[in-house]
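Could you build the full structure based on these sequences and the hints that come with them?
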Amino acid sequence: MGTFCKSLNVCKSTALRLNCKLDASKNEFRCKLLVVGGGAGGCSIAWRFSKRYNKNDIIVIEPKKDHYYQPLFTLIGAGAKKFSQSHRPTKSILPKNVLWLQDKVDSFDPCNNLVYTGCGYKLRYDYMVIAVGLKNDYHQILGLKDALSNPLAPVSTIYSPDYCQKCWCCMQNFQGGLAIFTFPRKAGKCSGAAQKIMYLAHDYWKKVE
1 MGTFCKSLNV
11 CKSTALRLNC
21 KLDASKNEFR
31 CKLLVVGGGA
41 GGCSIAWRFS
51 KRYNKNDIIV
61 IEPKKDHYYQ
71 PLFTLIGAGA
81 KKFSQSHRPT
91 KSILPKNVLW
101 LQDKVDSFDP
111 CNNLVYTGCG
121 YKLRYDYMVI
131 AVGLKNDYHQ
141 ILGLKDALSN
151 PLAPVSTIYS
161 PDYCQKCWCC
171 MQNFQGGLAI
181 FTFPRKAGKC
191 SGAAQKIMYL
201 AHDYWKKVE
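In terms of the UniProt record's numbering, the sequence shown has 151 at position 151, counting the first letter as 1, and numbering is strictly consecutive.
Take the hints with a grain of salt, since some may be wrong.
[To be verified] What follows is a set of in silico ranges between Cβ atoms, one per label pair, in the way DEER data are often shown: (1) 134 - 112: 24 to 30 Å; (2) 154 - 71: 23 to 29 Å; (3) 93 - 203: 27 to 33 Å; (4) 91 - 175: 40 to 46 Å.
[Said to hold, decoys possible] With a Cα cut of at most 30 Å, we get these calculated DSS-like pairs of lysine-lysine: (5) 122 - 64; (6) 122 - 51; (7) 65 - 135; (8) 32 - 122; (9) 51 - 91; (10) 104 - 55; (11) 51 - 32; (12) 145 - 65; (13) 81 - 145; (14) 196 - 82; (15) 189 - 64; (16) 135 - 189; (17) 82 - 206; (18) 207 - 81; (19) 64 - 135; (20) 51 - 64; (21) 51 - 65; (22) 104 - 91; (23) 32 - 91; (24) 65 - 32; (25) 96 - 51; (26) 196 - 206; (27) 145 - 189.
Just so you know, the hints here were simulated from the structure itself, not pulled from any lab data. Each residue gets a CB set at the ideal place from its N, CA and C atoms; glycine is no exception.
Right, here's the structure in full:
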């Protein structure tokens, strides 16, 4: 099989490793399709190809035990949905014939069709789909992380399961004046959501006037 080789920067993750689900005595595995990321994109790919492949022909690497339906965060931020409705166990939303590895990728070796994980596993694949999504780096804006974490600060975001509930609190506590909604200049996670929460907030404030 031909392989398209491209130079990649190796990124070593120092984040907390979740429990590895595979037998530690066997640190090398092979699959026909490797999916890196168990979000909406990764799960969709796993489901689509699970009908064509046999059991364990597909491996999904995803460290998080819970899967979040992120489009619901906007409605949670507006008080229209409950946070408990936004997530389910990752295992429950993956196809039964797919092998889930609860781990993180440590490095890619595309020239040899290999992936190395944080728990020390080596995965050989025929095809690979990378669907890791985007990471919001709040530290890039001075003081933002502290403001989001402070329950008394009127600063919130709908782009994180950690803070989307706070948005509803901010909307309820707003006593009038100037409300600022930000919109990303470059592509981000569903840019439309930044507008939707503004419209929902405006509608709520009109009703409670």
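* Identify every previously stated hint that the structure contradicts and give their numbers, smallest first. => none
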